[in-house]
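Colleague: Here is what each chain is made of, one letter per residue.
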Amino acid sequence: MSIVAEMPSKNFELLSKDGDGELLEIAMGPHHPSTHGVFRMDVVLDGERVVKLKPVFGYLHRNHEKIAEGTTYLGSMPYTDRLDYFCSLTNNWAYALAVEKLAGLQVPERAEYIRVITAELTRLQNHACLMGFLVQDMGASGTPLMYAFREREKILDLFESLTGARMMCNYMRFGGCRCDLPAGWLDGAKKVVAETPRFIDEFEALLAGNEILMARTQNVGAMSRELAINASITGPMLRAAGVNYDLRKVDRYGIYDRFQFKVPLGDHGDTYDRYMVRVLEMRETVKILEQALAGISDGPIIDPKAKLRGFRPKVGEAYGRIEAPKGELGFYLISDGGPNPYRYRVRPPSLINLTVLEDLCLGQLVADVVVILGSVDIVLGEVDR
Amino acid sequence: METLEQIKARIEVAIPGASATIIPNDSPSAQRSLLVDCGHGLAVAKFLRDDAELKLDYCSNATGVDWPEAELTEKFKVKQVVDGVEKEVEELKKTLRPGYLEAVYHLYSMAKKHGPVIIRLRTENRTDKNHLPSLTPVWRGCEFQEREIFDLYGIVFDGHPDLRRILMWDGFKDFPMRRDYVEPDDYEYEPTPHDDVLLKSKQHGEQESKV
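Just so you know, the sequences run in chain order A and B.
To get the numbering used here, take the position in the first sequence, counting from 1, and add 67.
To get the numbering used here, take the position in the second sequence, counting from 1, and add 44.
Some hints could be false.
As the list claims (entries may be wrong) - Cross-link-like lysine-lysine pairs, in silico, DSBU-like; alpha carbons within 30 Å at most: (1) A:Lys354 <-> A:Lys329; (2) B:Lys90 <-> A:Lys381; (3) A:Lys329 <-> A:Lys374; (4) A:Lys133 <-> B:Lys173; (5) B:Lys137 <-> A:Lys316; (6) B:Lys137 <-> B:Lys119; (7) A:Lys121 <-> B:Lys90; (8) B:Lys157 <-> A:Lys329; (9) B:Lys90 <-> A:Lys316; (10) A:Lys329 <-> A:Lys221; (11) B:Lys99 <-> A:Lys329; (12) A:Lys133 <-> A:Lys121; (13) A:Lys329 <-> B:Lys156; (14) B:Lys156 <-> A:Lys354.
None of these hints come from the bench; they were simulated from the model.
Chain A with its partners taken away, still in its complex shape (with noise of 0.2 Å):
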């Protein structure tokens, strides 16, 4: 009690008044729980609502590109899981696209098949993490994240089954790749998938409707089209704005062009928006893999031209990106014919994304920042490299 009699009461009057003109500087971060990561956000309030805010980078870079040049092509692809650790197997598969574009790779049907069942799976457990993060972020503790990570769970075994680890995959190599399915496996997918579904159903009856959620979501952080695709934002996020450009469709890299699926899209924007695309974007993503698993047929997983040992592309430079759950991946090469690559870049959606992040806090409330910010979808591994 004295010690709070004891400060100056100059310091209460700047926290008593909403919006008077004065303003509070607090810096959000670097330990704060809901950045989901080391990352600092120096807010500037007035009264309760945003009047400026500067993201702050950098707690975690490594410098993920140079240690990239100084090792082989293959030596980087088990670092590329650190990148977005919760979705390694997308990180693999757009080194491993850009690699082949690079070097003129052709992979086999049945590794195409199973990059996109994998892919997917990655792009299911990440959304609904994402889901369960953003309710958490609100202030529903526990139950919504405990069921997505539930679901997280069965696909987690999938990939432990398969690759050997659950986060860290190291799984695809260029030209295919590293292993064949285990015996059962493609079953075991089957039934997760058939799962899935109901899964969704429950969540949505859950939380889709629920009062809280809409009055915590809806209006909130909204970004109009234009400021969109000016500023590169991709993925989930864009397509909340309205603006129809997914990579699957567009350039319909892999095998993506013989499924049938469709790309939902938001109309305002907002947070709200920027959720119920991920569940709708879940529900599209199981008929992906519906048809993925019904047309998977038996034949070689890697090409015979790849070599794992003394692999030099030829001198040029190669830019390969993928749909990553949380928008475009892209890694850009160049190589001078050595073992090593001589340039290796690495797009990451994450921080791109994050370019918009006080157009959308500016005037809201504080608490909201942080609904903001979960439904960004960021990944510290990836923002800082």
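We have chain A already, so just place chain B on it with the hints.
Modeller: Structure of chain B alone, referenced to chain A:
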């Protein structure tokens, strides 16, 4: 989409004085790029974004590349008369390539769903003439990526709204992604009182071992 030759020709017509060079790419990806002169970089970027045919409204990737000064060797065959007989002899020609820094932009169109068009901007050298025009006013998506290039390569982007270090801390001096960057032994070394204690204990240990 138009070929790179057509885009180059249209740029040179639309923007007087601008020059563009096609950089070949012999790898199987065959993604060729367009080297734009820095003086007209911003105008070219605006043209590419606003042109009705191209509509490159989306800058996917912006990144830096360091090309230090290097000696390039070229092999070519020369006809020489040796002992009265004409022969083809291989000769090596050495040229010194001056060092420069490069910014590479991968552009796509969300409206027309085509791409990529790759443009490159080069600085004059790696030391003092390391300025390039910022393309953030054209594509805001470059904001953090250009900051990253500035941070890791040391290219100064003129016209960038907020050019600060992004991944390294503010007091950091060097540019870690350059090819000739040398890591310090310990990034966070500061002399502490503990150093004396360590030294003492080491000396103490040496005396003990002598006894």
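Colleague: Against each hint, give a clear statement of whether it holds in the structure.
Modeller: Results for each hint:
1. A:Lys354 <-> A:Lys329: holds (9 Å)
2. B:Lys90 <-> A:Lys381: Distance of about 34 Å is beyond 30 Å: violated.
3. A:Lys329 <-> A:Lys374: Roughly 37 Å separates the two Cα atoms, so the pair is violated.
4. A:Lys133 <-> B:Lys173: Measuring from Cα to Cα gives roughly 24 Å; hence the hint holds.
5. B:Lys137 <-> A:Lys316: The hint is violated at about 49 Å.
6. B:Lys137 <-> B:Lys119: It holds: about 6 Å lies between the C-alpha atoms, which stays within 30 Å.
7. A:Lys121 <-> B:Lys90: Measuring from Cα to Cα gives roughly 27 Å; hence the hint holds.
8. B:Lys157 <-> A:Lys329: Holds, at about 17 Å.
9. B:Lys90 <-> A:Lys316: Since the Cα atoms of Lys90 of chain B and Lys316 of chain A sit roughly 27 Å apart, the hinted pair holds (cutoff 30 Å).
10. A:Lys329 <-> A:Lys221: holds (25 Å)
11. B:Lys99 <-> A:Lys329: holds (25 Å)
12. A:Lys133 <-> A:Lys121: Status holds; Cα separation ~27 Å.
13. A:Lys329 <-> B:Lys156: Distance of about 19 Å is within 30 Å: holds.
14. B:Lys156 <-> A:Lys354: holds (27 Å)
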